[in-house]
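With the hints as a guide, dock the two chains, each given alone in a separate frame, to form the complex.
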Amino acid sequence: MLINCTLNGRDTAIEAAATTRLSALLRETLGLTGTHVACDEGVCGSCTVLLDGSAARACLTLAGQCDGVAIETVEGVAAGETFETIADAFLRHNALQCGFCTPGFVTTVAAMLRDDARERLGDAEVEARISSVACRCTGYLPIVAAVRDLLGRDR
Amino acid sequence: MDDPVPVPAVPDYFLPATIAEAGDLLARHDGRARLLAGGQTLIPELYRPGGTPAALIDLRRIAELGRIEWRADHVEIGAMVTIAAARAELARAFPVAAPCLGHVANSAVRNRATLGGSLALADPASEISTFLLAHDAGIILAGGELCPVDQLIAGCADAPPFIRAIRLPLPAAHERSGFAEILRRRSGGRSLAMALARLGAGRARLTVSGGTCQPFRIEATDGPALLDALVARSSAFDGPSTRAWALAAARRAIATAENAAC
Numbered sequence: 003m004l005i006n007c008t009l010n011g012r013d014t015a016i017e018a019a020a021t022t023r024l025s026a027l028l029r030e031t032l033g034l035t036g037t038h039v040a041c042d043e044g045v046c047g048s049c050t051v052l053l054d055g056s057a058a059r060a061c062l063t064l065a066g067q068c069d070g071v072a073i074e075t076v077e078g079v080a081a082g083e084t085f086e087t088i089a090d091a092f093l094r095h096n097a098l099q100c101g102f103c104t105p106g107f108v109t110t111v112a113a114m115l116r117d118d119a120r121e122r123l124g125d126a127e128v129e130a131r132i133s134s135v136a137c138r139c140t141g142y143l144p145i146v147a148a149v150r151d152l153l154g155r156d157r
Numbered sequence: 014m015d016d017p018v019p020v021p022a023v024p025d026y027f028l029p030a031t032i033a034e035a036g037d038l039l040a041r042h043d044g045r046a047r048l049l050a051g052g053q054t055l056i057p058e059l060y061r062p063g064g065t066p067a068a069l070i071d072l073r074r075i076a077e078l079g080r081i082e083w084r085a086d087h088v089e090i091g092a093m094v095t096i097a098a099a100r101a102e103l104a105r106a107f108p109v110a111a112p113c114l115g116h117v118a119n120s121a122v123r124n125r126a127t128l129g130g131s132l133a134l135a136d137p138a139s140e141i142s143t144f145l146l147a148h149d150a151g152i153i154l155a156g157g158e159l160c161p162v163d164q165l166i167a168g169c170a171d172a173p174p175f176i177r178a179i180r181l182p183l184p185a186a187h188e189r190s191g192f193a194e195i196l197r198r199r200s201g202g203r204s205l206a207m208a209l210a211r212l213g214a215g216r217a218r219l220t221v222s223g224g225t226c227q228p229f230r231i232e233a234t235d236g237p238a239l240l241d242a243l244v245a246r247s248s249a250f251d252g253p254s255t256r257a258w259a260l261a262a263a264r265r266a267i268a269t270a271e272n273a274a275c
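So the sequence lines, in the order shown, correspond to chains A and B. For the first sequence, the positions run 3 to 157 when our numbering is used. For the second sequence, the positions run 14 to 275 when our numbering is used.
In isolation and in its complexed conformation, chain B is listed as follows (with noise of 0.2 angstroms):
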């Protein structure tokens, strides 16, 4: 291997030890600099052409943003928590946690990836975005604004915010919850569709996405009634075989739901 190591042309890479100070980087570079997280996204578009910022703000020194609170009815959790602790910490409170988030890339991409990256990122095959719109997150921006996760996800697109924290109201005790992927490949592979259903009294959830469709909610009083709704929607996908990736990771997330125990 006589090849030069390619490094991309970054002149500045900073460990701010503060909301505040990360906040007032970011105001400096007008744009030009990327904040990262678990990086586990962003390295990869770093060493792509064109994809070279000013700058890199790395916010792993940010106490804060490494946070979980418990509260009464929610949980506070920081930007910075990795996939992997998060799956770990929910678990109890969240049962569709566990299977939900470890389908995420793979186990090491889980223990450095972070919750807030991911969400900022957007990618519409994301299982943590399909998880925190099912649980109706409401996410607190750097600023202290709280903003409902779809919002925040339409928003993405223009340019990836800058997240303190992922508040996630806790679900009914005797909430029956389910979750399903199609995948390619078990471990690393791309998404073909996943949903995830959540059956309480009189009131039934169902939280899909495929193919480069984001995920998007659907409510009904049970889960035939779930199908019946997605089967309307399912003009939002991009293509016969995806709407029927849909509609089997449907079926199987409302399956695993009647199924559960309360």
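So here's chain A without its partners, still in its complex pose (with noise of 0.2 angstroms):
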């Protein structure tokens, strides 16, 4: 099946089986490879991307799911402005510590950044949202940290 979606800004045609994971088709076909993979289940986050806009689990999304789609990978969100300031704010709170789930971090904070500069976003729906990415090393109080900084409130 052809696919036509937006891919990091980019109208693209990919080929592949409807039911290939998008996960896969990223990392294997499309060598986009800042998307990780752990779990598959959509319980680790570290394969989030952004899909029109919102977060979603890459391993739960079907190729065939992605036609007429803009999808937004973690290089995406690095090419564009905020990554600086999220980069910023992550070194400076000592928000990751292995790396594994980061990517998934930087897409999870690029869409809240976003939402939250429409309507601003409650603390539990903030944390709610950084509690959809297991991170296994920080403790998430650095992280928890950064994205506070991020969206300029109080700790």
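Derived by calculation from the structure, the hints in this document are not laboratory data. All clues stand as given, with none of them false.
Using C-beta positions, here's what the derived DEER-type ranges look like:
1. S247/B - D90/A: 50 to 58 angstroms
2. D156/A - P62/B: 46 to 54 angstroms
3. T8/A - E102/B: 23 to 31 angstroms
4. A72/A - E102/B: 18 to 26 angstroms
5. E271/B - A81/A: 47 to 55 angstroms
6. A214/B - A81/A: 54 to 62 angstroms
7. C41/A - P237/B: 36 to 44 angstroms
Positions of the beta carbon are idealized from the N, C-alpha and C atoms, including for glycine.
Written out as structure tokens, the structure is:
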């Protein structure tokens, strides 16, 4: 099946079996290995990408579901304006250690910053979104601090 | 990673534009096709041994399934409305929707998972089934027939139904409600037990699920009477710890409802 989509801002046509997972398509076919894969069940969040602007698990998305959709991966976020701010905040707060989960946080946080600019997100919503990605190193407190810093909120 | 990308052997993938077209496709495959809603449960299943159907029928292009329509005494929500969208849309009329649906999986999954898909697969530890049962939802099937949610859940074990929309009667303005869930981990963890309490004038209702037990409803005159009734029904649960967790969830849900502003 030919998948017509926007990938990191560029109109793209990809030939793929409709039932290929988006995570596999990105990593194996397109070489976009920033999208990490661990659980393949939607629990860990390392493969989080943005579909039409909303965070979604690439491992729980089929290629066929991407026809007509705007896909933004961590590589797309990294090429955008807000990435430097996100990276600075994560470094300043020691919000990563091994880094495996970090792409999932970067995409999740990028969507959070855009959504918060449209309409202020409640603290509970911010925490819920942070906890949608599993980090085994930091114990989350540094990540919460980095995100609150990015959103301009008190710790 | 030199392993070949595993692709389940699904030869056919359909994107019908109407309910009738989807129904025809389903009938033509005679039980060997699966309906694809958000895919948050179905996609991992496809990749398990023996989980491969002959065809997938993706419902996302059927505009009718994505609508939410408010009426004087009920709201009708299309089966393909995501949990995230339903949670936001229902928040005002159903104060318990935000905490209850906020417990579904995690925020990224809620952006994709749909009410209809979750209900059709009828996972026993489901906030969606609990919420819908607690609110006396009627389920409109693809052919237009209306089925009470408890009957639908009971029938889901045989074959997932093709759901068109969910009809929710609006709660009375003075009703107070509360939801509580016992989890091992806040996000993505399996639920141990959950309870939703609705307290109205002279009528108190509790919907509980725990472990592998599908949600069920209890009715009494007030909160304390609900707890007594739940103790009497506790043999429904699959073990003493589930019974204890279910009671804990029920106590908390009732306390939250008692505290809620009218």
